[in-house]
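> Construct the entire structure; sequences and hints are all you get.
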Amino acid sequence: MFNLAEMKDTIKIEPSGFRKKKAQAITDEINRKYANKVLQDVGLCIAMHDILYASEGFIHHGDGCSYVTVRFRLVIFRPFVGEIMTGKIRSCNQEGVRVTLGFFDDIFIPYHYLQDNSEFNADEQVWVWMYDENEMFMDLDETIRFRVESEQFFDTSPSVRPKKEGVDTPDLSANSAKQAPYSLTCSIHGDGLGLLSWWGA
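Okay, so the sequence shown: first residue is 1 according to my numbering, each after it adds one.
Do not rely on the hints blindly, as some may be mistaken.
[As the list claims (entries may be wrong)] Derived lysine-lysine pairs resembling PhoX-like cross-links, with alpha carbons at most 20 Å apart:
hint, residue 1, residue 2
1, LYS33, LYS12
2, LYS37, LYS22
3, LYS33, LYS20
4, LYS37, LYS8
5, LYS33, LYS22
6, LYS33, LYS8
7, LYS22, LYS178
8, LYS33, LYS21
9, LYS8, LYS22
10, LYS37, LYS12
These are calculated hints, taken from the structure and not from any lab test.
Listed below in structure tokens is the structure:
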């Protein structure tokens, strides 16, 4: 679920951070820049793990800030395909079930990845697994065990339209749907998968 990713970056430290110890100032700036951000084809950044190398700071005369070249490792959330995880049901609709881990919400279980003989209850707005004529409701906030089937990265940075009268204007239409930059498609089709209460766990 969690991995380490080695990165290299030039970190800007404002004059207000000079009173801190160098390592603390660098750590604070790296966490501010990367924490809770998605890096394409890397994953969701959680926090800095450690500093591998930091150069001497270079003071830029224009702004008085210190610029430090740093090699560091980040804690990354990126589960592997086939990994079994647990979360809580966030919402349901006719397309499937959305799950949250608390710190990550972009987990979707399509209806075709539910247990066989699952039906959507439009009145309750929940999915129901019909098992031996028993109705096993998938209520909101229930703990659910699922398997990762695939991951999707989506570049959410705005595209730029061709120049019009000498002015570049961001084209946000491509991202108007606010697609998540990183999401998981998962399954509960299999023994032991689904609500923990189904299996007495």
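> Run every hint past the structure and note whether it holds.
Hints, verified against the model:
no., hint, result
1, LYS33 x LYS12, "holds (10 Å)"
2, LYS37 x LYS22, "violated (24 Å)"
3, LYS33 x LYS20, "holds (18 Å)"
4, LYS37 x LYS8, "holds (16 Å)"
5, LYS33 x LYS22, "holds (17 Å)"
6, LYS33 x LYS8, "holds (13 Å)"
7, LYS22 x LYS178, "violated (38 Å)"
8, LYS33 x LYS21, "holds (18 Å)"
9, LYS8 x LYS22, "holds (17 Å)"
10, LYS37 x LYS12, "holds (18 Å)"
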